[in-house]
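What follows is the residue order along each chain.
4 protein chains.
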Amino acid sequence: MTITEAETSVFDTLESQVRSYCRGWPRVFEYAHGCRLQDEDGHVYLDFFAGAGALNYGHNPPVLKRALLDYLERDGVTHGLDMSTTAKRAFLETFRDLVLRPRGLDHKVMFPGPTGTNAVEAALKLARKVKRRETVVSFTNAFHGMSLGALAVTGNAFKRAGAGVPLVHGVPMPFDNYLDGRVEDFLWFERLLEDRGSGLSRPAAVIVETVQGEGGVNVARAEWLRALAGLCRRWDMLLIVDDIQMGCGRTGGFFSFEEAGIVPDVITLSKSISGYGLPMALTLFRPGLDVWEPGEHNGTFRGNNPAFVTATAALDAYWADSGTEKQTLARGEQVEAALDEIAREHRRSGAGYRGRGLAWGLTFADAGRAARVCARAFELGLLVETSGPGNEVVKLLPPLTAAPDELEEGLRTLARAVDETA
Amino acid sequence: MTITEAETSVFDTLESQVRSYCRGWPRVFEYAHGCRLQDEDGHVYLDFFAGAGALNYGHNPPVLKRALLDYLERDGVTHGLDMSTTAKRAFLETFRDLVLRPRGLDHKVMFPGPTGTNAVEAALKLARKVKRRETVVSFTNAFHGMSLGALAVTGNAFKRAGAGVPLVHGVPMPFDNYLDGRVEDFLWFERLLEDRGSGLSRPAAVIVETVQGEGGVNVARAEWLRALAGLCRRWDMLLIVDDIQMGCGRTGGFFSFEEAGIVPDVITLSKSISGYGLPMALTLFRPGLDVWEPGEHNGTFRGNNPAFVTATAALDAYWADSGTEKQTLARGEQVEAALDEIAREHRRSGAGYRGRGLAWGLTFADAGRAARVCARAFELGLLVETSGPGNEVVKLLPPLTAAPDELEEGLRTLARAVDETA
Amino acid sequence: MTITEAETSVFDTLESQVRSYCRGWPRVFEYAHGCRLQDEDGHVYLDFFAGAGALNYGHNPPVLKRALLDYLERDGVTHGLDMSTTAKRAFLETFRDLVLRPRGLDHKVMFPGPTGTNAVEAALKLARKVKRRETVVSFTNAFHGMSLGALAVTGNAFKRAGAGVPLVHGVPMPFDNYLDGRVEDFLWFERLLEDRGSGLSRPAAVIVETVQGEGGVNVARAEWLRALAGLCRRWDMLLIVDDIQMGCGRTGGFFSFEEAGIVPDVITLSKSISGYGLPMALTLFRPGLDVWEPGEHNGTFRGNNPAFVTATAALDAYWADSGTEKQTLARGEQVEAALDEIAREHRRSGAGYRGRGLAWGLTFADAGRAARVCARAFELGLLVETSGPGNEVVKLLPPLTAAPDELEEGLRTLARAVDETA
Amino acid sequence: MTITEAETSVFDTLESQVRSYCRGWPRVFEYAHGCRLQDEDGHVYLDFFAGAGALNYGHNPPVLKRALLDYLERDGVTHGLDMSTTAKRAFLETFRDLVLRPRGLDHKVMFPGPTGTNAVEAALKLARKVKRRETVVSFTNAFHGMSLGALAVTGNAFKRAGAGVPLVHGVPMPFDNYLDGRVEDFLWFERLLEDRGSGLSRPAAVIVETVQGEGGVNVARAEWLRALAGLCRRWDMLLIVDDIQMGCGRTGGFFSFEEAGIVPDVITLSKSISGYGLPMALTLFRPGLDVWEPGEHNGTFRGNNPAFVTATAALDAYWADSGTEKQTLARGEQVEAALDEIAREHRRSGAGYRGRGLAWGLTFADAGRAARVCARAFELGLLVETSGPGNEVVKLLPPLTAAPDELEEGLRTLARAVDETA
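Residue numbers (this note's numbering), protein chains in the order written: chain H, 12 to 433; chain U, 12 to 433; chain V, 12 to 433; chain F, 12 to 433.
What the hints contain is simulated information worked out from the structure, not anything from laboratory work.
Among the hints, erroneous ones may be present.
Since the list gives no way to pick out one identical chain from another, each pair is judged satisfied if it fits inside one copy or across any two copies.
What the hints assert, rightly or not - Calculated cross-link-like contacts (lysine-lysine; reagent style PhoX-like; alpha-carbon spacing at most 25 Å): (1) 170 x 119; (2) 142 x 170; (3) 119 x 142; (4) 337 x 142.
Please work from the sequences and hints to get the whole structure.
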């Protein structure tokens, strides 16, 4: 270990203090495959964080890797701005045929720049442009990104403080079950809308995550989402589902909102859309909302063609049929059963769990416990991270492609970490 | 051509109206190498736009390609969040040894997310956090990005209108020579600063491009930049140089501000930093400004390790000595001579030119001429684009690696396009 | 009547469309005394609107009139900027001796300019300056004024739209009983405060009316106000009570919050503080909050000395003992009894009533009914106006000095107007 | 003096630190008449500050006093909200007949609340509502008021800091001669407007004072004002002249812009409009701009009828013919001659002067000198104050009604104060 620490020095001396994950996992990683990361000293870690949801198919999945290497080797266009390329066409056709059409969606596809926050910025800009209103409603503990527009609809006070300017035009409403079921859903929100004296400027849109990952793995019920969709329709607000972390199959279906049977006006996708961890993002919207002028929103890396190649390969490999969805739900049950057992054994620590598909959170009454569990898990070879406003939740985002025995191994390690931090 | 048009249909039917470059260059591109792009019908185009400055070393440069393929083949970490990896370490060490140290810079390196606008957002957030002031001064015809914070310091009215909310906290000042030399440099800016009754809220920072690419290839003189740096120092404002388009050797030196002998407090880099057109961005700042809390700014794709690999290879290949800088300046003279000839021949059309290194603009009195020149050039097999607030400038950003005869070929095509649009 | 209409023409031709009360009461008024207004044709009206609360002691009360005439006749200073004058001193001493000290208040007195909105602007500026935070929480259906700062904490959408810019830094919370008792008081507000991920920027202050006059005569319970005061204390937010309409005895005690036993950090007064309908306003705050620099907030008419003279006379005449308070409560019972009878008789119209002291509202299920009642009352010689976000409430603000038989007369007219609009 | 100081104690103990003029003139004033103020100890002061321009006809002018006393004695309506009253009608008719019509103005009259900042807020709201744009251009060293909207177009950094929130939507441009004639008028402003890439959001309006009183008695030339009016017309921006301090005859004509021959779209008046120092304000605008909805902007003290009475009397007494204008210009020459002599005698102190009509400023190279002059003048029985961003200008605003010998007396005192502070 001493050797590694010596070798990390350039990170300490040159990289900004803003770095974070490297502090909890103080190793220098070198190789990655499937569910595993290997550091330069040969230690192997089971990765149940999966790039914060960017690696739903694990690290370097072979089929995608092959497609990527082939494309690079034959000098396919790498950087394509927003030019038409064969790689982009293949992606668009495949996305249309395997994702949009089977789900009855006729949304237009925008390449807003290759990160989630770009996709959110584009969604917010478009909603405001269409509705000619400034206000956007977000939810308690929402996370939508770090650029100024996205940050203004993000809940976390620590992140918000980084803006250096007051964050305006965003209004938070209570997420599902935020007030412990003591208040009827949308009672407050709808009352504000119907009362011309409420002080709420009429919103252009509502932006929501179906499961709040960064916010603590808070799961919205399908009926809550349906009621929200109805509210948006009745009050002429666009419904934006930010599916950056929970889309691409994380909760079972390709989109996390499918289970609720709703059709958002605007959808943001990023993280796992390229399937290989390459930067890529999409903003989807109903055709009638496509009021952009050519080039009104742009960006240098909108056309990251290697990502289009792996994205196409990922759709072909995992979304040509319902296999991935079924498998994810089955694996989710495996995780749930294990968490249920941990929670029962640690009932005195106020342990609980929540989640959907393969996004799970393990909660404790003691706020510091989650961090200790993650730290111990790391020592035991498992990568998991905390989330929630007080970092009080251990968040599990294993690759959807994890085999049952890999899940089993990780969950056993987690149980041990919980035991040993009691 | 009919075939191609039929095949582009998915772009028309599915992709958002926001797409732009594909409209001026209506082909489906497939392969790329060096200065050339090839469409799926086998037509080859000389690319003097180079990914809007993201491809300074041309398309798919072989040395970088080899490094990238090797890394991917051996399952190096692809997606690394902000974990320490061997690829990141190699990049940091190389960047330190070949870029920072030789130039006497001790700046810290932040990975703010892999796009230019992320780098700018991080720079603005940091400046405001450090100085506890909101206002940031930018310049007429500045371009800094499309997310809300960056857009507020961008000049273009068309882009600004896309925000859907009033853009605040940014104040424009005249760029060098904006008022045709009729006003002493910084007369207005300094008067506003020194007058406690001027109405200018004290700025946290000034953000500037040394050459405004999108704004029309407007070149700031070295003495203007030095005066600006002095002004920032005297008035306790941070100087942010946005070197996203003009850095990485575009004007000769690695950083575009080297020629002026100034040291910015904050520097943004993106576009050509990965060298291969892969998304990557950096925000650099003086060590004393590194007041970030861990994770206060984050992003999923901060750790695009394939980009670190090609970035390292690019530094090794092009910046181990002063060869690239010298070659760029020589090539620049070649371009300048050609433009001078064009301008002299089209004096009656009010033709003029300006630029530095290998960033050049060809201007006309008639605003529509530039667009016609670009359209004709495309028909003749040359990719160039317009820039400037009225799209009145033909912008040339050939790869720095273009051979003299490739430059010659492109410049001849350009001259012909100018002739044929007279 | 024809004559009058002809003579109003300058109002139609020259005065802006923004005029409002003159539309509901289309007469040209000439004389006023006590509860009565007389138009130029000799018609006399009973005034139960009392200058929207600015005439708590009726029109031109003789004792105040005498003091005012004396002062003007002997050439006392009329316009005093914020210079020390004998009239100002007399007011300050009397206000201290009759208002502040007997109530155990040690608040500092600021003359912020002679209108309510000035007083609110000063309160908001001070709160933000003290706490170095921007956000101020207001309540649904709040009314605090028409200048930009006050408007941003006002609920009415119609008024807000007049701003022409997005109104920011204000966040609405539910006023007492806003959600019909279905939600625990402050459940939502406190949850937002305690959750670091809620998205609520920490407020500098809370601004509240104990009874919302413009908002529809919504009465906050004493225990709700006490809970609010506790919340402010616990979360380090200043409590601003806007007592512009409900202060100066309107609800019984001099300050409307006395009944609840709370001590606001900041208090705004205007309307009836001069007692004679002359423009005057005060912003009061705890001594520790007096962080203003000399002249940091100013205004030409801060020193409206004739108003100081009548204000002093009013305090001497009405607030030297508890007589006014007791009388107001007694008169309030008289009004309440009459409204109760009206409501019982018009139960089928969904009639209801609410109020405190001598501020009362008569409500109907049918939103248009209130306007019809006011119109008919005017024809019958009674001035009353609607309030509430949909103008659905008939608002009664009779002079506190109305004699029982005057009240009786007005209430009988009101009852008749209700009957005749059924 | 000791006695007085003891007696000022309630000001020290109870009044907020924000008080200002009373600090420079530490007496308790009791009586006022014409150009004179008398303190409670019988000392008489010559007042060349005249309520910061609110007392153009001096203190308590007898004709107005008589009209006011009559009105009050016969129980005319005192507080009239925005009801039609005979007093309001008389004012409107007189204002139309003596002010608007003779000057060819057909502006509508709005009563926005009785203070200058209310009038400015109303003007800004209307301009933004009409043009559907947020930005308003103001000028360096402008002063328009202390409420949030007006403060955002005010230059003084000290006042601005009091807002406690960032001031947005205002953009400062250089006032006439701001850059010492080294820059062509409006070069920068017009360039920003015509360049779609300048970063200036298209303004709804420009707000300007023809002579900046608070800003240091900066006088705009007539040709500069005309050029500004032309610029506004060409670029579809409303021209708002804030004539609160310089209107009502201060510079000669009733409106200060008459000399330049321009017709503003919007005009604000306050200060001396009531003629007696009573709070009153007007916002005037071209009929086509009267897009207000009834009650969209309101305020309790819009109908300060005693002020209407004195305002009418003032118009009758001073503006029935051109006598006041001629007299003011003559008196102005008297002041100018005296200042010229002072300046010549103190050339070595860098003394200078500027002004128009009866608004004058005496400037010194040494910033502290003006304050010392004012302090010494006060000891010698003359009230004058400093203005300008660094309080570097002695500002003279004697009553327009000052007799030649009164002016002579004051100017002699001033000269002595200058001498004795050398």
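Structure-based check of each hint:
In this assembly of identical chains, the alpha carbons of residue 170 and residue 119 lie at most 25 Å apart only when taken from different copies (21 Å versus 31 Å within one copy). Taking the shortest alpha-carbon separations for residue 142 and residue 170, only the inter-copy value of 18 Å comes in at or below 25 Å, while the best intra-copy value is 28 Å. When the C-alpha separation of residue 119 and residue 142 is checked against a cutoff of 25 Å, the pair qualifies only within one copy, where the shortest distance is 18 Å, while the shortest distance between copies is 33 Å. In this assembly of identical chains, the alpha carbons of residue 337 and residue 142 never lie at most 25 Å apart, being 39 Å within a copy and 53 Å across copies at closest.
When the structure is compared with the earlier hints, a violation turns up for hint 4 alone.
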